Amino acid sequence: MNPNYYIALAGILFTIGALGVLIRRNAIIVFMSVEMMLNAANLAFVAAARETGTLDGQVAAFFVMVVAAAEVVVGLAIIVTIFRSRRSASIDEPSLLKY
Amino acid sequence: MSLTALMLLPLIGAVVVFALPAGRDLLAKQVALGFGLVVAVAAVVMGLGMDKSNGGLQYVEKYSWIPSFGISWGLGVDGISIVLIVMAAVMVPLVFIAGWNDVENAGRGTVKGFFSLMLLLEVFMIGVFAATDLFLFYVFFEAMLIPIYFLIGRFGGPQRAYAAMKFLLYSLVGGLFMLAALIGLYVVSARELGAGTFDYTALTQLHIDPATQKMLFLGFFFAFAVKAPMVPFHTWLPDAAAESTPGTATLLVGVLDKVGTFGMIHYLLPIFPDASKYFAPAIITLAVISIFYGALLAIGQSDMMRLVAFSSVSHFGFIVMGIFAFTSQGLSGSTLYMVNHGFSTGALFLVVGYLSSRRGSKNIADFGGVQKVAPIMAGVFLLAGLSSLALPGMSSFVSEFLVLVGTFSEYPQAANIATVGIVLAAFYILWMYQRTMTGEPSQEVSSTVNEISKRELVAIVPIIAIIIAFGLFPQGLLNIINPTTKQVQSTVQVVDPAPAVQGLASTEGSGS
Amino acid sequence: MTAALIGLPLLGATLLLLGGRRTNTWGHFLAVAMSASSFFVGVALYIQMLGRSAEERAVGQHLFDWIAVGTFNVPFGLHLDQLSMCFVLLITGVGTLIHIYSIGYMEHDPNRRRFFAYLNLFVAAMLLLVLADNYLLLYVGWEGVGLASYLLISFWQHKPSAAVAGKKAFIVNRVGDVGLSLAVMLMFTTLGTVTFQGVADAAGQGPSLKITLIGFALLLAACGKSAQFPLQSWLLDAMEGPTPVSALIHAATMVTAGVYLIIRAHAIFDLSQDARTAVVVIGAITLLLGAFIGTAKDDIKKGLAGSTMSQIGYMILAAGLGPVGYVFAIFHLLTHGLFKAGLFLGAGSVMHGMHDDVNMRHYGALRTSMKITYATFGLGFLAIIGIPPFAGFWSKDEIISAAFGQNYLVGLATLIGAGVTAFYMTRMMAMTFFGESRWEDGVHPHESSTVMTAPMMILAVGSVFGGLLLKFVGDIEAWLEPVTGVAHPTHPISAAVLIPVTLLVVASGAGYAWTKYAQRPVPVVAPTDVSILTRAARADAYGDAINEAVFMRPGLHLTRALTWFDAKGIDGTIGGVSAAIGGLSARARRLQNGYTRSYALTMLGGAALIAFVLLLARL
Amino acid sequence: MNNTFEYAALAPVVILLSAGVISMLIEAFAPRDTRRALELTLVFATLAVAFAYVGINMAKEIPGGAPLNGGQSHGIRQLAAGGAAAIDGPGLFLQGTLLLVAFVAALLLAERGIDPQGDAFAARASTLPGSEDERQFTAQGWFQTEIWPLFLFSVGGMLLFVIANDFLTMFVALEVLSLPLYLLAGMARRRRLLSQEAALKYFVLGAFSSAFFLFGSALIYAVTGALDFSTINASLGNVTQDGLVLAGVGLIAVGLLFKVGAVPFHQWTPDVYQGSPTPITAFMAAATKIAAFGAMFRVFYVAFSGMRWDWRPMMWVIAILSMLIGSVIAVTQTDIKRMLAFSSVAHTGFILLGLIATSGHGLSATLFYLFAYGFTTLGSFAIVSLVRDASGEATHLSQWAGLGKKSPVVATVFAFFLLALAGIPLTSGFTAKFAIFTAAIEGGATPLVIVAVVASAIAAFFYARVIVLMFFTEPPVDGPSVVVPSSLTSAAIAISAVITLILGVFPQPILDAVANAGLFVR
Amino acid sequence: MNGEQIVFWICGIFAVVGALGMIISRKAVHSALWVAFTMINLAILYFSQQAAFLGTTQIVVYTGAVMMLFLFVLMIVGVDSSDSLIETIKGQRLIGTLLALAFGGLLLGSITSVARPTVVGLDKANEDYGTNIQGLAHLIFGKYLLAFEVTSALLITAALGAMVLAHRERWEPRKTQAEQMRERTLSGHPTPLPNPGVLARNNSVATAALLPDGTQSQESLPTAFKAIASEDSASKPNEVTQ
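Chains as they are written, first to last, in my numbering: chain G, 1 to 99; chain U, 1 to 512; chain V, 1 to 619; chain C, 1 to 522; chain P, 1 to 242.
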């Protein structure tokens with residue numbers, strides 16, 4: 001099957017993820033959207049690995065998962081901290097730094 | 001005496017003065033003056049030591065500095081730069097004497113800071129004229145801004161911050177365009193010579209294609225035109241001059257701004273001969289506009305410092321005009337003009353400073369009748385003014401006439417029009433004199449304006465003596481300048497136009 | 001020797017100016033001594049010159065190289081020839097007399113020392129003017145006398161009118177200087193030299209257009225210095241200066257520099273008929289204009305000033321006639337120097353007696369109380385209106401005759417001028433010395449001291465015999481011939497006809513004035529219901545008004561407009577650019593709205609932009 | 001496949017990361033009051049040893065490292081760890097620079113003399129802002145010494161970032177350097193809400209941008225079947241008509257441009273710079289930029305060098321936008337840290353000129369620029385941390401008025417840094433600008449240089465404005481005071497100032513170093 | 001249509017639906033579930049792409065661990081918090097959507113601009129080392145060993161970060177029960193403090209409890225709320241409000 005389909009699917013997911021970052025205000029959902037983008041990248045890696053007959057893509061996807069896990073921890077810690085001091089998980093709320 | 005040593009002297013002076021303990025104001029002044037005098041003497045000695053048969057660089061020294069960029073610490077002077085260096089070096093101690101109490105009058109800043117900055121400025125002033133490495137020139141060109149910036153901003157009048165800022169920004173903008181052109185030139189030299197260089201002599205021998213020349217020329221010219229200053233890049237000058245102390249204004253307008261015109265004659269013409277020729281008509285036009293514009297604006301000023309500043313715009317128009325006429329009279333005349341203008345404008349600024357320090361105002365309307373209460377002051381003022389309006393017999397006449405005659409042979413129309421400018425010069429100077437010095441003194445004037453002091457006379461008399469001496473014996477300077485302008489002409493590959501009647505001119509010269 | 005001529009008065013001026021108050025007590029004597037010794041040097045040189053043959057009389061002295069750049073080579077050299085000699089003697093002679101006169105005239109002035117310094121300075125500059133051997137050095141003297149004139153006109157600086165008048169004189173002269181500058185530049189570029197000798201030698205080969213232009217430029221210079229139309233207006237105002245100044249500078253010497261210049265440059269004018277015509281026209285206009293202005297002035301000095309303009313008009317006209325007129329121009333210049341100086345000194349004496357009142361309507365019947373003044377003034381009067389054998393007759397008559405030789409219209413102008421001169425001089429004479437006294441209260445006219453009257457008497461002698469001496473003893477025509485060239489005047493009207501006609505015209509002018517001002521009472525206040533012509537004459541033929549309307553007011557408007565433009569236009573543009581950057585900045589920083597999602601949006605936009613540019617680059 | 005792991009070549013990275021682990025263990029097991037001493041000893045020793053190793057690596061020709069790039073064999077060239085890392089001149093130079101910068105930054109981080117309450121970090125980052133907990137921890141003088149392992153990890157990540165030779169390693173390194181910074185940004189002692197906000201923004205946008213980077217890598221991988229740069233470069237030579245490649249290049253560029261703070265990916269910079277604890281801002285502004293540019297150059301000079309005609313126009317646009325927008329917006333900034341942030345955006349634009357030059361000169365000019373800029377930035381932020389009032393740092397510009405009166409030395413040094421940022425001769429900034437403009441003109445980017453000049457002119461305005469404010473304005477009545485720092489910050493400022501000066505006056509040694517660094521290994 | 005295609009279309013569409021669901025759901029928990037749904041579908045796609053190990057890891061790590069972490073945090077910050085429909089940033093949603101469309105369009109356009117060459121397949125690559133997992137292991141511990149090792153730093157950082165930001169240390173020794181008892185008795189509130197919202201009209205944590213006499217009990221509010229109030233005003237820097 002033409003790998004373009006997979007990569008196109010990855011592109012769609014990536015775009016949707018990006019859109020999620022733009023339009024969702026809940027920091028956690030925004031963060032989920034980022035995860036969605038990473039997943040899209042993983043899909044592309046996996047598809048490309050098969051297409052090119054190399055395993056590097058799969059390794060990359062594996063690493064991305066590890067990195068994503070670490071990122072999630074840090075990110076959620078930050079979100080929790082913010083939530084604790086502001087009682088809100090809205091990403092729009094912390095907007096004192098501007099102009 | 002090497003040029004490096006000549007620069008080192010005031011630098012040491014600056015450091016020493018700065019390092020003096022606070023509160024020892026008099027000592028700081030004396031030390032600074034001592035250094036200024038030593039530098040002046042040294043510069044004069046160097047000037048006298050110039051080989052007048054040689055138009056090229058002398059006192060050359062060169063040490064590798066940043067070899068990666070082909071940059072060296074290269075110093076050397078030719079006939080044009082040495083006279084400017086001497087002029088600067090002579091002006092500095094006089095400015096010190098004249099501005100002895102400027103800091104106290106300004107009521108801001110410290111005495112040692114002022115004199116230390118002034119000496120630092122002198123270092124850069126010498127450096128900018130003496131650099132034979134274009135990069136080094138640029139470094140000094142920009143570095144000069146810093147002491148002046150602080151001199152204006154720290155010791156100036158009520159609007160000093162604005163004026164300092166305006167000055168700095170104009171200069172920086174000009175300098176940045178020059179930087180771009182400088183780098184372009186470097187790249188061109190690298191392309192042509194294999195390794196990029198900033199060496200003056202090497203650069204003058206490049207064969208740059210005309211289109212590139214034009215672009216690079218414009219970059220440099222813009223910087224120089226801002227510095228010079230030419231209309232329409234002049235508006236920083238009146239503010240800067242009006243807000244700074246008279247001493248600062250003297251060095252700013254009298255010496256520093258010469259860097260612009262010096263750059264034109266020393267760098268633009270030899271390095272970009274084709275572009276110089278190409279743009280010459282346009283620049284001459286601009287120069288003529290400057291002459292009139294400056295003069296008319298000077299007429300319209302109510303502040304004496306601003307008036308003098310605008311008159312300088314007019315004078316710079318003459319200088320630029322002479323340079324771009326490419327004739328030996330124009331080039332030598334312009335160089336001489338730079339020197340003379342330094343002295344005459346300096347004298348005017350200093351006298352205006354004397355007046356304003358007494359009256360507490362630079363406003364023309366606040367004066368009147370000074371002649372009656374301080375006749376010597378008025379006389380000095382008049383002499384300075386007459387020098388500014390280029391009265392024959394004074395040095396400025398020689399240079400102005402040389403510029404005019406030099407321009408006339410190439411651009412008769414421009415010279416014709418410019419000649420009319422001398423009427424305006426008479427008008428703004430004499431009108432200012434009339435309004436400030438003549439008539440009956442008002443109560444305020446007679447109670448505040450007293451006669452010129454000994455110290456003030458000591459500062460101003462040498463300047464006036466120089467002005468008159470070089471009016472009668474300009475040849476001493478011209479003998480130094482001429483070989484170099486000849487060399488510039490040969491680099492640009494121009495010759496003086498021959499008069500319509502041939503054969504007789506060559507027999508002239510031995511005198512009739 | 002020649003240099004000493006200039007050096008002595010210059011030294012005097014320097015000593016007096018630098019010496020300050022210390023020289024107050026003896027300064028004026030020093031000045032007189034310097035001027036006098038210069039005169040004696042001049043006389044000595046004259047005698048030396050007489051001893052040489054005509055061809056060898058001109059001597060040059062190269063002092064040093066002044067300016068040498070490329071082929072532009074100007075020596076600091078002096079040149080004493082017969083023409084210069086005339087001037088040297090006139091300047092130092094009359095100058096010394098006026099120095100002496102001033103001792104008395106300025107006796108009570110606190111700044112007398114400065115006055116004498118300036119007088120010395122003037123003499124030095126004037127001598128430099130006439131002794132320079134090239135046009136550029138002449139220029140130095142030229143402006144030097146301008147400076148001295150400026151300083152002396154505005155000598156009483158505390159009077160605003162004096163300060164203004166001085167400035168005006170300088171500036172109007174500067175307009176003329178433009179001409180001189182242009183002439184020198186043209187000479188250099190056309191002929192390659194600016195020395196008198198060089199120019200004279202090369203002029204013949206110069207393109208005629210350029211030569212004509214040089215002539216016009218020189219004429220402009222002469223107009224400025226000699227108060228010729230259209231640059232005449234400063235001279236009347238210059239009467240603000242002390243009267244000796246008027247006598248020396250604005251009658252006898254400086255104002256004649258224009259004539260000197262034209263004759264000095266005769267090589268140029270010889271070659272250009274157009275330039276000569278222009279000179280004649282200017283001269284004719286000015287001689288009529290000056291005379292016209294003189295007819296209506298109640299201010300005795302201004303009346304004389306108008307007369308000066310008019311007389312110099314004669315000289316200029318004569319100079320414009322070419323070789324036939326050069327000598328007569330100089331001749332008239334010399335005689336005029338004598339009698340006009342005498343007249344001015346006389347006027348000064350009158351003013352001295354009248355408490356510095358210059359209004360002739362307050363005079364009258366002074367012949368009894370100021371006998372010497374009356375006599376000397378009267379002799380001068382006779383000289384100026386051209387009564388034989390007084391000085392003016394000889395020179396003026398020659399000019400009228402030569403003018404008729406050129407052109408009847410020009411001749412007619414000189415003839416009319418002579419009549420008008422007679423009219424206004426008679427009017428002056430009548431109003432001052434005749435009729436009933438119209439003195440103001442408390443004025444007790446008295447004769448001036450000897451130190452003042454002595455110079456007047458000497459000059460009166462000159463007025464009487466100057467013409468005769470110059471014409472018959474000095475043989476001025478032969479004297480000047482080596483300098484100005486040979487002239488063969490044509491006389492379409494024989495002297496036998498012309499002299500009586502001229503005298504008739506003069507007599508009728510004088511007679512009319514006599515009937516009008518001596519036989520009828522003169523109103524103390526100038527009548528206002530006068531003709532347009534009188535009004536015009538009183539207003540200096542509207543010269544100032546025209547200057548005002550054509551130059552001053554538009555100039556001031558231009559200045560004001562430019563000042564506005566500079567602040568709002570240029571500075572405004574640059575300020576506007578920075579304001580625009582500031583505004584842009586203020587708006588752009590709003591994009592930084594603090595919302596993370598918004599930043600992400602920008603980033604996505606950036607990503608799209610990058611993708612777009614990448615694709616575009618591929619195309 | 002070469003499965004060796006060249007410890008010597010990778011020593012700096014290994015040392016840093018190991019030190020991070022040790023530091024972590026110190027946190028876990030050492031008594032509270034000995035932690036600081038232990039951590040500081042560890043950190044400075046680590047940095048010093050790592051730096052020494054960089055020096056050793058630079059000095060020696062590694063036997064296995066045969067010249068890979070044809071004839072141009074000068075400089076050190078070696079691939080390490082199975083090709084995952086490239087030990088080459090530029091990489092080592094950047095590592096050295098980073099270590100020096102980190103050293104100076106560590107001095108700032110360790111400072112406890114400025115804030116009366118302690119260092120720049122919250123006593124306990126986990127406490128609620130304003131809570132009783134916070135007060136108690138602060139009052140009891142607790143310190144969050146966990147900043148040190150984070151710092152060490154971050155530096156280790158940077159060291160790896162600049163030598164990473166495949167997209168995967170680069171991505172991991174990116175995260176290793178970023179995650180600690182996200183955390184550190186949120187740990188300020190004062191204005192904690194702002195600090196936390198900075199952390200959140202930095203984190204969210206950083207993760208967002210890494211996703212772009214990653215997706216771009218995936219697309220490139222899809223085309224070339226490889227992640228390492230040399231193979232990619234070799235393959236891309238053949239594949240030119242593939243839109244995927246373009247998309248990949250673009251997306252990777254987004255990720256990297258975000259890290260360097262180029263417009264339009266710059267918006268995090270001012271907010272994060274302002275909100276973060278100032279020592280972290282200093283570290284971040286200097287080191288992250290160095291590391292990110294190092295990586296960026298490697299990607300574009302090695303992996304995508306064959307496609308320069310494709311990515312150059314894009315970089316032109318980005319460079320122009322960065323220079324102009326950075327400078328323009330900085331003009332109206334009223335907060336000194338934000339102003340410096342926007343100035344850093346503009347500088348990013350300038351540095352991009354070196355990238356666009358696509359030449360050895362461009363590379364060496366950039367290396368020099370990064371070195372110079374790093375220290376100037378460190379110094380500037382260090383001084384920002386000294387100007388304080390009761391509530392902490394006084395960063396509003398109006399509070400800086402008349403500083404020259406109150407503390408002439410500090411004001412003068414700051415003015416010097418500003419002049420360096422403005423690119424005035426005799427400062428490092430000028431030499432750097434000069435070098436990079438030269439390279440750009442050589443590379444045919446003259447119009448860009450003109451834009452750069454215009455931007456510099458605009459930039460000069462706001463630098464000069466601060467100087468005017470400091471020297472020519474009267475100080476406000478209740479203005480802030482300048483704290484006399486301990487020797488740590490003083491040393492940091494002094495080192496920065498001296499380097500800034502030396503690079504302006506005698507730059508030749510460093511210029512030689514960057515020239516000798518040679519090109520990237522392929 | 002072969003099996004792979006069927007799987008692709010089904011799972012692909014599901015994945016997109018899940019993604020859309022994530023960004024459309026108002027409730028955060030729903031979004032999380034949609035994400036999990038997408039991830040599972042992706043895992044299936046991995047399986048069909050000869051990436052069995054990754055598929056498994058995807059389910060275990062992502063769907064299992066990461067998403068659960070998300071859910072856990074969601075629980076902390078409030079399960080039922082939902083985004084309001086009104087967009088606070090003007091034009092954000094519209095411009096965002098348009099930009100996303102443009103970006104996606106460009107992306108898809110470039111992806112599909114060139115037909116992929118035929119798929120090589122991983123059979124050979126896997127065979128080199130035996131199986132897929134062994135192949136991966138070989139790469140991870142060979143070519144990508146450096147990255148792998150460095151990942152450890154990442155994980156340590158994550159752990160450390162979570163601890164620093166979330167772990168609340170005690171600044172005083174834990175009180176014994178006796179101490180607590182004594183303290184409570186002395187405080188004047190022997191009974192527990194009222195919870196927020198008690199007897200009030202709504203039960204938000206921000207609403208003070210009403211005391212029997214109808215007055216509000218400030219004690220019922222968590223200290224953080226009082227703290228926020230003060231912190232907000234105290235730490236709001238003057239410059240950012242401009």
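Since the hints were derived computationally from the structure, they do not count as laboratory data.
Treat the hints with care, as some may be off.
Calculated cross-link-like contacts (lysine to aspartate or glutamate; reagent style EDC-like; alpha-carbon spacing at most 20 Å) [to be verified]:
hint : chain 1 : residue 1 : chain 2 : residue 2
1    : U       : K372      : U       : D274
2    : C       : K406      : C       : D389
3    : V       : K159      : U       : D25
4    : C       : K405      : U       : E440
5    : P       : K175      : G       : E93
6    : U       : K52       : V       : D65
7    : V       : K516      : V       : E436
8    : V       : K159      : V       : D299
9    : P       : K175      : C       : D389
10   : P       : K175      : G       : D92
11   : P       : K124      : G       : E93
12   : C       : K405      : U       : E104
13   : V       : K210      : V       : D109
14   : U       : K372      : V       : D109
15   : V       : K159      : V       : E107
16   : P       : K124      : G       : D92
Computed from a prediction, not measured in an experiment: that's the story for all the values here.
In rising order, the numbers of the hints this structure does not comply with
Of the numbered hints, 1, 3, 4, 5, 9, 10, 11, 13 and 16 do not hold.
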